[in-house]
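Let chain D serve as the given structure and place chain F on it in line with the hints.
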Amino acid sequence: MKSHAEALPTQEMLINMGPQHPSTHGVLRVILRTDGEVVVNAKPDVGYLHRALEKIGERVTYAQYMPFTDRLDYLASMNCNAAWAWTVEKLAGIEVPERAEYIRVIVCELNRISSHLIAFGSFTADMGAFTPFLYAIRERERINDLFEDICGNRLTYNYVRIGGVSADLPDRFLEKTKEFLDYFEPKVPEYNKLISYNKIFVHRLANVAVATPEDAVGYGLTGPNLRGSGVPFDLRKNEPYSVYPKFDFDVCVGTGERGTLGDCFDRYMVRINEMKESVKILRQAIAQIPEGPVMAKVPRMFKPPVGEVYFRAENPRGETGIYLISDGTVNPYRLKIRAPSFVTMNIFEKITKGLMIADVVAVIGSFDIILPEIDR
Amino acid sequence: MLESLAISIVNAVPVLSGVPLWTITLLIMVVVAAIVLTFAMVYSGLATYVERKVAGDIQARVGPNRVGPVGLLQFLADGIKLLLKEDIIPAKADRFLFVLAPYLVFVGSFAAFVVVPFGVGLIASDLNIGIYYVMAITSLVVVGVMLAGWSSNNKWALLGGMRAAAQIVSYEIPVGMALLPAVLIAGSLSLQDIVRSQGGLFGIFGWNLFHNPFTFFSFFLYYVAALAETNRTPFDIPEAESELVSGYHVEYSGIRFAFFFLAEYGDMFIVSALAAACFLGGWHVPFLDAEALPAAWGNLFSLGVFLTKTLGLVLVMMWIRWTLPRLRVDQLMRMAWKYLVPLTFFNLLGVSLWLLLFHGKGIPQMMASFIG
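Heads up: the protein sequence lines correspond to chains D and F, in order. Mapped onto the working numbering, the consecutive letters of the first sequence carry residue numbers 1016 to 1391. Mapped onto the working numbering, the consecutive letters of the second sequence carry residue numbers 4 to 375.
In isolation and in its complexed conformation, chain D is listed as follows:
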């Protein structure tokens, strides 16, 4: 007699998850090979949003490239703006006024909160709870209002300039930011009450897609994803830039509190906790910010010296590294951007083996990838 497996042979199923799929956070395509609901292999296929941003960098001037950095990680435009400015300033050795650095840190940390809010909201929506997303959007709206006051834009800010920022803070901005922080700080425990420690939510995330600390380092995870695996590495602390050394804040790491160290839940909790740390930084920055100019003297025909530079900044999604070669003309000779989301995709195939289809969604959400940054 034939066994059941011989009598009823099963086939692996090939499913395209994306590029149009509500939970791939953009136009990511995942080629799923599944055995029923169990994933045999999940191969990410990127490139649907490629705009040749690095090549464009060779055709425009240093200052003109600033708006393009908005389109790198559109949920954290300020951070990308600032990373580009810091890179060029490092290359040309420009001294930036201290007030400008403080402003940059303030907008970066505000943007980090807003980016993590989206990460939190969309992740919970991926898990089937739609309400937290609306709560996150509600809070993010106030950050957008603040940014609108600063620069008139709500998504792609183009606020930071090489040598400073485009304009000083508007009237009452610091008070408004303080009001926002007072409003926002109690919201984080509210999120935890609403969803973080919800039994179903924890069950969905604990022990799912564990990235061991060795794997996380080996595959080049950065930012919250790396810290979620328990590696306390934060460029703001470990390789301080700007005025970050002046602030007292903690590096949040995953603890494996509900499962294994480095699972989806840890990565999620790191983001939740980082919002609190950003609030801490913001409060200190508002208290310390000095008066003074917000723009250094940068020549209109800006030509940095011949040379090359690599600068990396701690962005909400991890380490954004910019490698820049200058040949002394007004255009960069070569520009390469290390996008954290892109590097994160390396570990995807390994980590999703043997999970369920629903877990793939959880993994994408817990890595908090963003597609324009992956494809550039």
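By construction, these hints were calculated from the structure, which means they are not laboratory data. Predicted, not measured: the structure shown is a model, and the values here were computed from it. One thing to keep in mind: the hints can contain errors.
Here are the simulated distance ranges between beta carbons [said to hold, decoys possible]:
#: 1; chain 1: F; residue 1: E294; chain 2: D; residue 2: K1202; range: 50 to 56 Å
#: 2; chain 1: F; residue 1: W300; chain 2: D; residue 2: P1204; range: 37 to 43 Å
#: 3; chain 1: D; residue 1: L1029; chain 2: F; residue 2: L86; range: 32 to 38 Å
#: 4; chain 1: F; residue 1: P93; chain 2: D; residue 2: Y1348; range: 47 to 53 Å
#: 5; chain 1: D; residue 1: M1028; chain 2: F; residue 2: P345; range: 46 to 52 Å
#: 6; chain 1: D; residue 1: P1024; chain 2: F; residue 2: P93; range: 48 to 54 Å
#: 7; chain 1: D; residue 1: T1270; chain 2: F; residue 2: D196; range: 20 to 26 Å
#: 8; chain 1: D; residue 1: P1314; chain 2: F; residue 2: R69; range: 52 to 58 Å
#: 9; chain 1: D; residue 1: P1204; chain 2: F; residue 2: A94; range: 49 to 55 Å
#: 10; chain 1: F; residue 1: S142; chain 2: D; residue 2: E1027; range: 29 to 35 Å
#: 11; chain 1: F; residue 1: L100; chain 2: D; residue 2: M1028; range: 16 to 22 Å
#: 12; chain 1: F; residue 1: W300; chain 2: D; residue 2: K1202; range: 49 to 55 Å
#: 13; chain 1: D; residue 1: R1187; chain 2: F; residue 2: N68; range: 32 to 38 Å
#: 14; chain 1: D; residue 1: K1202; chain 2: F; residue 2: L352; range: 45 to 51 Å
Note that beta-carbon positions come from the ideal geometry of N, C-alpha and C, so glycine has one too.
Coordinates of chain F only, in the frame set by chain D:
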């Protein structure tokens, strides 16, 4: 019952005496069916509106407020929109099954309205196998959902259909087992009899919910299992918008999609109505016996009571939907087979033993006999 009604009509209106009795009976049947269907449609429409308002309220936003006063006519606008939409059948779909599936789902869900005891005399057909009929006819939904998933020729739809089949079949068992205590207590499968068995002098303590500890748990077990059977959050994995894009009805559009949509709300009503009828005393309220009132008032009053209880339970379902995340498919199945099925069996055993040991008396009756 219909025939006696027909005879009384013929007696009241002598002109009709020439018409054969069966035509009048048939006519009454059609009228009753039309009333029930109209109710079901209007309820479903309003339920979608309420769902969206509840969602808006929970999510710190407004919800529909443009069409009609406070957006009340939104569901009409949506219905018209869905009717006018292009009817798309995918090129590679199995056309016959694809067209058939929504009707099966719709029929499976709405045929159950027939035995819902809306009031003292308000029941389209008081079948003596009421509960059994509901369980059987709502199982038709599985077939429809599977057909929809299969015939769409879409892998997401297929996965959704398979998930739905596994889920609904699994949860039928705890649902049925959790309802059986009420049947045991009433000694009848007829929903009207079950409701009547919960009347009496004890007010809300006459309800099966408070009959004994096992029935109390039974209610909650039933409600959880029923949530899963209707594919509602946190058990909405066959649709799972963020995983399967929307599962078995992903390829459906226009009025065919509306059928699935209406069926979901119909299902919600049915399971809530069963819960209200079997555990919450149906149309009974404390200190007022609807059956003692004049027929018209009694019916109206009991209809109001029953709808309040049922819609209250529907509202809780909506509340749950907008609060909780979704389980994973294996966790869902584990929950059914490892927890709900054994627990409901245990409960059934408990209720049976209770009825045997205490001669069918519930706690309130025992207390009453103890005191006086």
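Tested hints:
Distance hint check for E294 of chain F and K1202 of chain D: the Cβ-Cβ separation is about 53 Å, which falls inside the suggested range of 50 to 56 Å. W300 of chain F and P1204 of chain D have their C-beta atoms about 52 Å apart, which leaves the hinted 37 to 43 Å range violated. At about 37 Å, the beta-carbon gap between L1029 of chain D and L86 of chain F stays in the expected band of 32 to 38 Å. Checked against the hint of 47 to 53 Å, the C-beta distance between P93 of chain F and Y1348 of chain D comes to roughly 52 Å, which is consistent with it.
In this structure the supplied range 46 to 52 Å is violated for M1028 of chain D paired with P345 of chain F, their Cβ-Cβ distance being about 33 Å. Checking the proposed 48 to 54 Å range against P1024 of chain D and P93 of chain F shows it is violated: the Cβ atoms sit about 27 Å from each other. A hinted range of 20 to 26 Å is violated for the C-beta pair T1270 of chain D and D196 of chain F, which are about 58 Å apart. About 55 Å separates the C-beta atoms of P1314 of chain D and R69 of chain F, a value consistent with the hinted range of 52 to 58 Å.
Taken as a hint, the range 49 to 55 Å holds for the pair P1204 of chain D and A94 of chain F, whose Cβ atoms sit roughly 52 Å apart. Between S142 of chain F and E1027 of chain D the beta carbon distance is about 31 Å. The supplied range of 29 to 35 Å therefore holds. Under the hint 16 to 22 Å, the C-beta atoms of L100 of chain F and M1028 of chain D, about 20 Å apart, fit the expected range. Roughly 51 Å separates the CB atoms of W300 of chain F and K1202 of chain D, a value that falls within the hinted 49 to 55 Å.
For the hinted restraint 32 to 38 Å between R1187 of chain D and N68 of chain F, the CB-CB distance of approximately 33 Å keeps it satisfied. Between K1202 of chain D and L352 of chain F the CB atoms are about 48 Å apart, so this pair conforms to the stated range of 45 to 51 Å.
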